[in-house]
Each structure stands twice: as structure tokens, then as C-alpha cells.
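Peer 1: So the sequence lines, in the order shown, correspond to chains P, S and U.
With the numbering used here, the residue at position 67 of the first sequence is 67, and numbering never jumps.
With the numbering used here, the residue at position 50 of the second sequence is 50, and numbering never jumps.
With the numbering used here, the residue at position 308 of the third sequence is 308, and numbering never jumps.
In case anyone wonders, no lab produced these hints; they're calculated from the structure.
Every residue, glycine too, gets a C-beta built ideally from N, C-alpha and C.
Do not take every clue at face value.
Stated by the list, open to error - Distance ranges between label pairs, derived from CB positions:
(1) P/Phe328 <-> U/Met223: 40 to 46 angstroms
(2) S/Ala357 <-> U/Ser61: 58 to 64 angstroms
(3) P/Lys216 <-> S/Arg332: 30 to 36 angstroms
(4) P/Leu49 <-> S/Asn389: 29 to 35 angstroms
(5) P/Ile324 <-> S/Ser362: 46 to 52 angstroms
(6) P/Ile324 <-> U/Gly130: 42 to 48 angstroms
What the hints assert, rightly or not - Listed next, the in silico SDA-like pairs over lysine to any residue satisfying Cα-Cα at most 25 angstroms (straight line):
(7) U/Lys20 <-> P/Leu245
(8) U/Lys234 <-> U/Asn257
(9) S/Lys441 <-> P/Arg142
(10) P/Lys301 <-> U/Leu168
(11) S/Lys441 <-> P/Asn154
(12) U/Lys160 <-> P/Glu183
(13) U/Lys85 <-> S/Arg337
(14) S/Lys115 <-> S/Phe411
(15) U/Lys220 <-> P/Arg142
(16) U/Lys178 <-> P/Glu121
(17) U/Lys178 <-> P/Asn154
(18) U/Lys298 <-> U/Ile263
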Amino acid sequence: MIPSVNERYTVSPFLLFVIIQSMQFGLRILFMAIKPIELAGQDAWISVLLSAFSIHLVIWMMYRILNHNKTDLIQIHKLFFGKWAGNALNLFFILYYLLNAAHQIRYFIEVIQVWVFPDIETWILALVLLLLVYYIIAGGFRVIVGICLLSFVNTFLFLFMLFTAPYFHFHNLLPILNHSPGEILEASRALTFSYAGVEILFFCYTFIKTPQKSEKWAHLANISITILYLAEIIFSLLLFKQEQLSTEIWPGLTKYQFVQFPFIERFEFIGASATLFRLFPIVCLCIWASSRIMKYTFSVKQSKVLPFFLLAVFVAVCLIPNRIGIQFVQRWLENIGLHLIYLYIPFLFIFDLIRTKARKTA
Amino acid sequence: MNSMPQTWKDFKESSDFICSRFDTNYEPFFVSYLKSLTEVQLLHEHILPCLSKEQPLSLEAVYRSIPIDDKEISMDCNDIHYKLLHGYAAIQQGLDDPKTILINVAASKGRTVTKPEIEFNVEGSKEAFVESLDTNLHLIRKRVITPSLRIKEITVGNISKSRIAVCYIDGITNEQYLNTCLQRIANIQFDTVTDITIIQQMIEDNSHSIFPQLLGTERTDRVAWSLSLGQICILMDGSPTAILGPVNLGLFFTSYEDYFSPWIIGSIIRVIRIISVIFSILASAIYVAVLTYHGHGISNLFLPTIISSRINVPFPPVVEVLIMELAIELLREAGVRLPSKIGQTIGIVGGIVLGTAAVQASLTSNFLLIIVALSAMASFTTPVFRMSNTIRILRFPFIIAAQVWGLLGIFICIIAVATHLLRLTSFGMPYLVPFYPLRPKGMFDTIIRPPYSMFHSRPNFLRTKNSVRFDKNTGKQNKDKDKDIDE
Amino acid sequence: MNRIICALLASCLLLTGCVKQQILDRVNLFIVSAFDESNNGKIELMLAVPQYPTGKPGSVSNELLSLSGYTSSAIRELLSTQLDKPLNPGKLSVVLFSNDMALHGLKDELDVLYRNAYYSRKMLLAVVDGNSQQLLKAHFSSKEEKGMYLYTLLDTNIRKGILPGQNLHEFEYALAGKGLDPYLPLLKLQHDRVMISGTALFKDDQYELSINERQSQLMKLLMKDMKQGILEVKLDENTYLALENVGSKVKYRFTKNADKDTITIELAIKAKIRDAASLPVLENELERIKTDIENNIKESEMALIELFQKHELDPLGLGDFTRGHVRNWNEKDWKKVYPAMKIGLNVKVVLTETGIKN
């Protein structure tokens with residue numbers, strides 16, 4: 001089956017900005033500040049900029065591949081590598097996305113278990129969240145993007161970080177460039193996982209109204225994420241001592257402890273519950289992408305596959321027991337994400353170039 | 001008089017069926033009509049003289065001499081029955097001749113045009129629709145004086161055979177929405193349809209949803225405005241409400257009275273309305289969530305007030321809230337059905353006495369009483385009646401979600417409701433447009449009511465064929481550009 | 001299909017999803033806790049639990065409970081056995097440590113406060129000159145709840161006032177940071193009144209030195225820009241002047257030299273004369289008065305800094321400041337250099353107004 005999307009289900013290019021931003025700006029911002037600052041100290045913001053620049057290159061490469069072939073990754077796999085290898089790669093993506101979704105949900109449940117309700121059971125929260133995910137995905141791609149737009153509003157919650165302003169120590173940012181380029185690059189490498197949502201572009205491409213013209217929105221999404229990550233890293237640097245930061249697990253949430261309103265004294269239960277809005281876009285997009293790949297690889301109906309995938313994610317979530325399990329899964333995902341973005345996509349790009357050249361000469 | 005034409009054997013049993021026989025020097029004439037439906041005076045003054053005075057010979061001669069315009073000769077039995085049931089009078093010659101003259105002498109008895117009952121307004125016209133379809137169409141035609149206003153009539157219901165009129169302005173309304181609407185009405189198969197709201201539920205996109213997908217109004221000026229925007233209006237004979245579609249969520253929170261005030265005031269009132277709706281839905285739920293799970297989030301200065309007001313209440317917060325909410329719903333339902341004379345007294349008794357007594361008996365805390373009363377009042381700020389019902393009901397899932405998982409439950413509920421709204425459509429138009437799918441130009445008249453000088457195009461989410469209201473280059477506000485200060 | 005989903009969701013939630021409730025009026029929320037050292041290496045924890053009587057939101061009374069044990073969390077749980085409602089630690093805002101405990105180090109107790117999500121990082125800490133339980137037992141607040149009183153006392157004077165102090169976050173910041181030393185306000189009980197009698201300076205997490213209120217005010221002047229405070233200045237014998245600080249700015253400057261690096265602190269104070277001791281403050285006298293004031297302030301501040309250097313304490317954060325200006329800064333080297341380091345101070349006073357009288 002060749003994927004073809006009815007005009008009615010496509011979304012305008014501006015929403016690509018929202019999609020990619022929601023996919024990248026997930027729960028990772030809660031912990032992304034720790035590793036880079038450990039490795040590169042006060043020069044971590046340089047690593048952020050380096051990472052962002054490399055992701056811009058990656059997006060550019062992705063658009064070249066997609067614009068040439070005018071279809072999404074599922075078909076590209078089959079075109080480039082033939083039926084069997086292509087399907088194997090598609091299967092790999094399915095598993096990657098399901099693992100991603102399971103990790104996000106388990107991470108969120110852990111946040112709730114530590115910050116809000118210490119005695120909530122994993123499986124019950126996972127069950128409710130996955131039922132709601134089913135309801136959202138069953139509405140189609142447009143509903144998922146609508147939920148992304150809703151969670152976009154949550155980005156403004158980020159402004160509450162400004163409440164920590166009285167505790168800023170600006171000289172934490174000095175001295176500049178105290179670290180070797182090797183350390184800065186290491187920190188960049190650690191940051192890749194935080195940018196890792198861009199490959200969803202491969203699967204959303206056919207759902208945009210004018211895909212060729214939508215490149216600028218993808219770049220804008222990356223820029224906005226860079227600004228957010230820069231703000232997070234700089235705020236973390238200003239607020240915490242580096243030794244203090246390495247003992248924190250969720251610096252993003254600790255910052256909410258400083259927010260104070262006349263009526264509300266402890267804001268972190270609102271902040272921790274509000275990360276729910278950041279969870280849904282990622283989980284919905286991941287599971288939607290997996291079911292869509294499944295549809296075109298094995299020719300089954302998306303709505304039939306969906307309950308099975310949700311069940312698989314549910315089982316995976318319940319099987320991850322505690323922090324150690326989550327860290328383990330996270331390390332796997334970081335590795336796969338790194339290789340995907342920095343090895344696989346350039347490889348596809350070069351393959352595409354060679355292929356077109358070979359076609360032209362033949 | 002014991003014999004009458006065979007056509008009337010079904011009607012013989014009804015006591016309001018009159019079949020009078022006029023003897024002439026030819027075959028006798030039978031005049032049959034349903035007394036309860038016809039204007040008998042018209043019959044006696046204009047029709048019967050045609051039969052008795054001039055001693056006509058044939059049916060055709062009688063036909064020509066009747067001074068009423070809406071008349072025909074028919075031989076189809078079903079048609080004759082149908083017309084008789086709509087107030088026509090039938091004249092037949094002889095017992096066997098199937099040829100019948102049908103004359104329209106229908107009486108229109110119904111309410112006269114009065115004030116709107118549900119959508120009260122301070123300024124503006126106070127004409128509301130009535131039950132008679134013809135009067136309603138008359139009221140609409142009075143306000144929309146253009147030949148492009150088309151009215152299509154469809155009959156629905158096997159027994160009630162209700163007349164539905166679909167009005168739209170040709171050249172503005174999008175044809176896709178119109179065809180959807182007409183198709184759905186034509187597909188209805190039901191026996192009795194008594195009110196337009198029943199039609200509304202049958203042609204809605206999702207009849208399981210608590211959100212109404214078509215807007216009901218009883219104001220003629222609002223209908224005229226909506227028609228000019230590009231919406232479709234559906235009326236029914238026997239129902240004093242008009243249904244407008246397609247609509248989006250924003251339209252349910254706009255009152256037509258916003259257009260009468262200056263635009264800044266109108267906008268502020270709209271914003272207040274939206275805030276009060278959100279408060280109405282979430283206030284009780286937040287109370288339950290904070291008091292049950294997140295008590296340490298309340299500021300230190302506020303804590304003694306809340307705790308000491310709740311200290312003797314034996315119930316957990318959720319039970320307290322549910323009791324108060326149910327009490328208010330009880331009062332509201334009772335208030336609707338009480339006769340007006342007793343209504344006021346009971347209202348005062350219920351509201352004040354019960355409330356004070358509840359606090360003193362420590363059944364509830366006065367802090368909660370304020371919240372529940374305010375949110376009950378706030379749910380009435382929606383100008384559309386159906387939406388205020390929705391808001392009333394929508395509160396309860398939030399309270400239950402708050403009880404189960406505190407603030408996290410409220411957020412999950414918000415996402416569930418948002419998803420439901422995202423999936424809803426009205427005649428195919430997404431319910432949350434212009435917020436999603438994002439159409440910045442269409443956001444013009446949602447939260448802020450723009451000044452009329454800027455209102456030169458119709459909302460783009462209605463996909464009208466002609467979106468220009470007035471030429472913006474020539475229609476600008478008159479300002480003396482070359483005038484200097486103090487000149 | 002969707003209806004089945006909804007029904008499943010609803011039944012799941014209502015049957016099994018419930019979490020432990022903390023209904024506000026059925027738990028005891030305590031605001032202040034006091035730590036003391038006990039024998040055999042145990043600690044004694046005292047909590048002041050507020051009791052809200054019905055119908056009178058103004059009057060709150062406190063119930064004091066104390067117990068000793070090895071870890072504060074275990075003690076807290078055992079204290080619940082003395083109460084009819086369970087204890088909820090989520091509202092803890094003030095923690096008092098007795099000076100014995102502070103002398104031996106606060107790291108263990110602070111770890112508990114830092115680790116648990118239900119404690120706020122903004123809670124205020126204080127060292128009590130004496131026994132902290134004694135302080136809590138005293139009747140220092142008649143109308144207000146004890147915890148609230150202490151919290152407001154510390155908050156008004158420290159966050160909005162003239163004395164320096166740190167909340168939990170800042171204390172950990174100074175503790176974890178290299179080249180910084182933490183400090184806490186010092187509370188004292190005198191004739192049934194609680195007062196802040198100065199600042200307790202810490203080396204790492206152990207209490208080392210205390211300074212009085214005036215020295216604390218001077219210390220705060222050196223640390224951050226302030227917009228309030230009255231400075232008492234001695235001109236000559238028996239002539240004292242009182243200045244109101246309407247805006248002080250402090251800047252640190254680092255100068256690299258071949259052999260020794262120096263830090264210069266520049267303090268610029270904008271002041272209004274509030275109390276001139278019936279000295280006519282005339283135009284020509286103003287210059288002289290200003291110079292006298294500057295010298296006086298410089299003397300007091302330098303004395304303070306020398307005191308810090310003598311005890312090898314660095315609450316001003318000079319080490320941290322140096323770290324930002326020197327590449328490859330090392331804490332060990334700094335500790336060697338600091339006691340003898342030359343720290344210069346330039347005080348500049350601008351007299352803006354003299355009131356409505358000359």
C-alpha cells in the first residue's frame with residue numbers, strides 16, 4: 001500500500017512547528033541540565049548552541065531526502081532498501097517509538113510518585129493515561145495535533161522560572177570558556193537525546209498541506225527549543241552550584257518550589273501535574289507513528305493494531321520497576337537516538353544523493 | 001345528511017369534521033372541512049355564497065367563481081386528506097365524483113409575537129419567534145430584505161408531518177454545509193416530531209455529546225445577523241425556536257447584546273463571561289482537590305480561615321461539595337416548575353434559609369457555600385440556554401476526577417474534554433475553529449468584539465462564497481485627515 | 001467502542017485508583033520544628049502543632065510535642081502516636097537548631113530536608129543561642145501561632161530587612177559551593193521574647209562564629225545592594241550621626257598582580273541624614289562630615305573583614321568571586337591564600353537630603 005492522505009486530514013504548515021516542538025519539549029527538560037553542566041560546567045550553553053546547529057543540519061538533510069522522494073519514511077525504506085530490508089527497518093522504528101512512549105509514561109509516573117502522590121500504583125495511572133491516549137489517537141492526526149497545540153500553552157508555564165530571579169548568582173557563568181573543546185563536545189553529545197524528537201518529521205511529512213514549503217517551520221521549532229533549553233541551562237547555572245546540581249534529579253521541578261503567589265504557597269504540585277500536558281503529545285505521536293508504520297508495512301488497519309500497541313506499552317510500563325530501570329531504558333534510548341540522528345540520517349542523505357546520481361547517469 | 005362521499009369515511013368519526021350538503025337543481029354539493037382547523041367565518045362569507053347565490057351548474061364554474069387565490073382541483077385521495085388536515089375546505093359535487101375543489105381557508109391561531117423568554121436583553125428588539133411558521137418567516141423576511149434569501153420547506157414525521165423551513169442567503173452560504181443540512185433533514189425517519197430541538201438532536205454530528213452542535217435562539221435579530229454571516233437557519237412549525245448552524249464553541253458564549261454596546265465594553269463583557277464559565281466549571285473541583293490532597297499548598301495566612309471553617313464538618317470535602325451541588329440543582333429544578341407566585345418565596349427560603357442553616361448545623365463550611373453559589377450563578381452567564389445546561393453537568397466529572405487524583409485528575413479531565421471538543425464537528429465544520437485549526441483571521445470576532453469599521457469580512461471558517469461585507473477602502477470611518485489641532 | 005472505554009476508565013478510577021487522602025482539617029500541619037542534641041548521640045525533635053478552635057478563625061493555639069531518637073523522620077512518625085490526627089510535614093517553614101547541634105554539624109539533618117519532595121526549599125533556618133526547645137516553649141506570641149510568628153519574624157528582618165540570612169536553598173548552595181561559607185540568623189530568648197541577636201557564621205556545616213546585629217548589618221551591606229537601613233556613625237567624641245541608606249551598591253573588583261592578586265570592594269551609599277545630633281549641617285560642613293562618615297564606615301567594615309579572615313571564614317563569597325576571574329582556580333590554594341589576602345575597601349557616601357531642617 002502506498003500511503004496517500006486525504007486532503008481533509010492534512011494540517012497547515014504552521015502546525016508543523018507545534019508538532020516538532022511538542023515532540024522535543026517533553027519531560028526531558030526536567031533532567032536535561034544535569035549531564036551537560038557536569039561535563040562542561042558553565043560553558044554548557046555553548047554545547048546547547050552546538051547541538052542546535054547540528055540538528056538544523058539534520059533537519060536540512062531530512063528535507064532534502066523527503067522532498068526528493070515526496071513521500072514518508074516508510075516508503076523511502078522500501079524504495080531504497082527493497083522490501084525485506086525496508087520492512088525490517090520499519091519494524092525497528094516501530095519498536096523504537098513504542099519504547100520511547102513507554103519510557104515517557106514511566107518517567108512521568110515516577111515524577112508523580114515522587115512529587116505528588118507517593119502511594120499511587122504504576123499500573124492504574126498507566127491504564128488511565130493509555131485509555132485517554134486511545135481516545136486521542138482514534139480521533140485521527142488532527143486531534144493529536146490539537147492536543148499538541150493545547151500543550152503548547154504549557155510552554156508559558158516556563159515563565160514561572162522567573163520567580164527564582166532573587167536567587168540568581170550571575171558570577172556562576174564566569175569564567176567563560178574554561179573548559180576544553182572535548183568537554184564541550186561531550187556535553188553536546190549528552191544533549192542529543194533532548195533534541196531527539198525531530199525524526200517524527202519523517203512520518204508527518206505527508207500530513208502537511210504544502211510539505212515542500214514547510215521547512216522554515218521545522219527550523220523555527222528547533223530554534224524555539226534551543227531558546228528554551230538555553231534558558232533552562234542558564235537558569236540552572238544561575239540558581240545552583242554545579243556540585244549542588246549533580247545531586248539533583250529533577251532540577252526543572254525543583255525550580256517550581258520558588259514560585260509563590262498570594263494564595264498558593266507551594267507551586268510544585270501544580271507544576272508536576274502540569275507536566276501531564278507535555279506527556280500527551282509525545283506519547284500520542286509515538287504510538288500513532290508506530291501504528292501507521294505497522295499499517296503500511298504489514299497491511300493491517302490502524303484501528304485494529306492500536307489496542308495491541310497500547311497493551312504492549314502498558315506491559316512495558318509496568319515492567320520497569322524503579323529509577324534504575326528507567327535509567328537503563330533511558331541509556332538505551334539515548335544511544336539509539338544518537339545513532340539515529342547522527343549516523344542514520346546522514347547515511348540516508350548520502351544514499352539518496354548516490355541513488356539520484358546513479359539514476360541520472362543510467 | 002347521512003350519506004356523504006366515500007372520500008370521508010376516515011373522518012366520519014371525528015366530531016370536528018363537518019360535511020354540509022347544498023342542494024341545487026343539479027347534483028348536490030358537499031362542503032367538507034375540519035372545523036378546528038379552518039377559519040369558519042372566511043368560509044361562510046366568501047365560499048358558501050358562491051354555491052348558493054348564483055345557482056351554478058358545474059364544479060368548474062364554482063371553481064372559477066371562488067374569490068380565494070389558493071385553490072386547486074384534485075382527484076388524488078391522499079392529497080385531499082392531506083390538504084383537509086391542513087385546514088383546506090373541500091367542495092365536491094355528488095356522491096361519486098372524485099373531483100374535488102380544495103380551498104385554503106386555514107386559520108392561524110397561536111400566540112402573538114411577544115418578548116423572548118429565555119434570551120432576555122436590556123436593549124434591542126424584544127420580538128421573539130412564535131409557534132406559527134408563517135409568522136416566523138414573516139418576521140425573518142421583515143429583517144432580511146433581499147431576494148437572495150431562500151426558504152426551502154421539507155416535511156418531516158409520518159404522523160406529525162411537521163413543516164421544516166431551511167433559510168439561507170444564496171451567494172453567501174457555503175453549499176457544502178447547506179447540502180449536508182438538507183440531506184440530514186431529508187433522511188429523518190420518525191413518526192412524531194414536535195419540537196425543533198428534536199430535529200436538532202437528529203441531525204447533529206454527534207448526538208452522544210453533551211455539547212450542543214447547533215445554536216438555538218428565539219430572537220429574530222440574532223437570526224438575521226447569523227444569516228448575513230453565512231449561517232443556515234432552520235425553523236419548524238410548532239416550535240418557537242430557530243436553529244442556527246454551523247457553529248463553533250465561541251458562538252455559544254457570545255450574546256447578541258454585545259453588538260449593541262461600544263466595542264471595548266462588549267469585549268470586556270465577553271472576557272468576563274469566559275472567565276466566569278471557567279470558574280464555574282473548575283471552582284468546586286479545585287476546592288475538592290486542594291483540600292483533600294494538596295492542603296500544604298495553601299498560603300499560611302489563608303490556612304486558619306479554611307481550617308476553622310471546616311473543623312466541625314463531619315464529611316470529607318467531596319461529600320460536602322456533592323451535597324451542596326445537589327442541593328443547588330434541586331433548587332434550580334424546583335424553581336423551574338413552581339408556579340410563579342410561589343416561586344419567589346421558595347427561592348428565598350431555599351437560598352437563604354437553607355444556606356445559613358446548613359452552615360450553622362455544620363453540614364458545610366461557609367467558604368464552600370460562597371464557592372458553590374458563585375459557580376452556580378456563573379454558569380448562568382452563558383447566553384445560550386443549552387450551553388448552560390452543559391456547564392452544569394460538566395462540573396461533576398471534574399469533581400469526581402479531583403476526588404480520585406487531585407489536581408492531576410483535573411488535568412486529565414481537561415485533556416479528555418479538550419479531546420472531545422477537538423473531535424466534535426458541526427455540519428462538518430470543526431467545533432474549535434478558529435483556535436484549532438488555527439485561522440488567525442477568523443479569530444476576529446471571538447474573544448474581542450471588533451468595532452464595526454473593522455468588520456468588513458465574514459468569518460473565514462464559515463467558508464462563505466462572498467466574504468466581503470462592505471468595501472473597506474471606501475467604507476472607512478469618517479475622519480477629517482487634514483484637520484490640525486484647534487483648527 | 002468509545003463508550004466501553006469510558007465505562008472501563010470510570011470503573012477503574014473509582015475502584016482502585018484512590019490515593020491516600022490528606023484532608024486539610026484531618027491532618028496536623030506543623031510549621032516549626034526545633035532540633036536539640038540529646039545524650040547517646042540522639043537528637044531531640046520538638047514540633048509545635050497548631051490547633052484551630054471552631055468558629056474563631058483568629059485564635060490559634062499550639063501544642064508542643066517532643067521526642068528523641070536517631071533520625072528525625074522516625075521521630076516524627078512516633079510523635080503521631082501522641083496526636084489524634086496524623087502529622088503532615090508539608091508545611092514546615094521554620095527549622096531551629098540549638099547551638100550545640102550547630103557546633104557538631106548540620107549536614108545530616110539538612111539532608112532529610114533537602115531530599116524529600118514535600119519540604120520546600122524556601123524554608124527558613126535559624127540557630128538558637130541556647131536550647132531551642134526552651135525557645136519554643138516560651139510564650140512569645142499571644143495572638144499568632146508560634147510557627148507563623150517565627151516565620152514572619154525571620155522573613156521580615158531577613159528577606160525584607162537589614163539582617164542577612166539564608167533559606168534552605170541558599171544554605172545548600174553555600175555548603176556545596178567552593179569558596180563560600182554559609183550563615184544563619186541567630187535567635188535568642190530574652191524575657192519571653194524572641195529576638196534575632198545576630199548572625200551565626202558556619203565553616204562548612206559547623207557553627208564557628210557569631211557576630212552581633214550591627215556587624216550583621218554591615219555584612220549585609222557588603223553582600224548585596226540594599227535600599228534600607230539606618231547607619232549609626234560616630235563623628236567625634238559624643239557626636240553620633242544617623243544616616244538612612246536609600247540606595248547602596250556594592251561592587252567587587254579583581255585585580256591581577258604579578259605576585260599577589262587583590263580584591264577591592266567598592267561600596268557606594270546614598271544616604272539621607274536622619275539624626276544630626278543638633279549639629280547644624282551647613283554647606284561647608286557637609287564635605288567634612290561626609291569624609292568622616294566614609295572613614296568611619298570603612299573602619300567598621302575593614303574590622304569585620306579582618307575578623308572573617310582571622311577565623312578563615314568566607315561568608316562574603318570572595319572565593320567564589322575569585323573563581324570566576326581566575327582560570328584553574330583551586331579551593332585548596334584559595335584556603336591558603338585567603339587569611340593573608342589583601343582586601344581593599346573603598347567607601348563612597350553621597351548625602352542626598354538632610355530632612356526638612358538644615
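Peer 1: Each hint: holds or not?
Peer 2: We went through each hint and held it up to the structure:
| no. | hint | result |
| --- | --- | --- |
| 1 | P/Phe328 <-> U/Met223: 40 to 46 angstroms | holds (45 angstroms) |
| 2 | S/Ala357 <-> U/Ser61: 58 to 64 angstroms | violated (29 angstroms) |
| 3 | P/Lys216 <-> S/Arg332: 30 to 36 angstroms | violated (53 angstroms) |
| 4 | P/Leu49 <-> S/Asn389: 29 to 35 angstroms | violated (54 angstroms) |
| 5 | P/Ile324 <-> S/Ser362: 46 to 52 angstroms | holds (50 angstroms) |
| 6 | P/Ile324 <-> U/Gly130: 42 to 48 angstroms | holds (46 angstroms) |
| 7 | U/Lys20 <-> P/Leu245 | violated (31 angstroms) |
| 8 | U/Lys234 <-> U/Asn257 | violated (36 angstroms) |
| 9 | S/Lys441 <-> P/Arg142 | holds (20 angstroms) |
| 10 | P/Lys301 <-> U/Leu168 | violated (56 angstroms) |
| 11 | S/Lys441 <-> P/Asn154 | holds (24 angstroms) |
| 12 | U/Lys160 <-> P/Glu183 | violated (42 angstroms) |
| 13 | U/Lys85 <-> S/Arg337 | violated (46 angstroms) |
| 14 | S/Lys115 <-> S/Phe411 | violated (42 angstroms) |
| 15 | U/Lys220 <-> P/Arg142 | violated (57 angstroms) |
| 16 | U/Lys178 <-> P/Glu121 | violated (41 angstroms) |
| 17 | U/Lys178 <-> P/Asn154 | violated (36 angstroms) |
| 18 | U/Lys298 <-> U/Ile263 | holds (15 angstroms) |
Violated hints, listed in ascending order, are 2, 3, 4, 7, 8, 10, 12, 13, 14, 15, 16, 17; each of the other numbered hints is respected by the structure.
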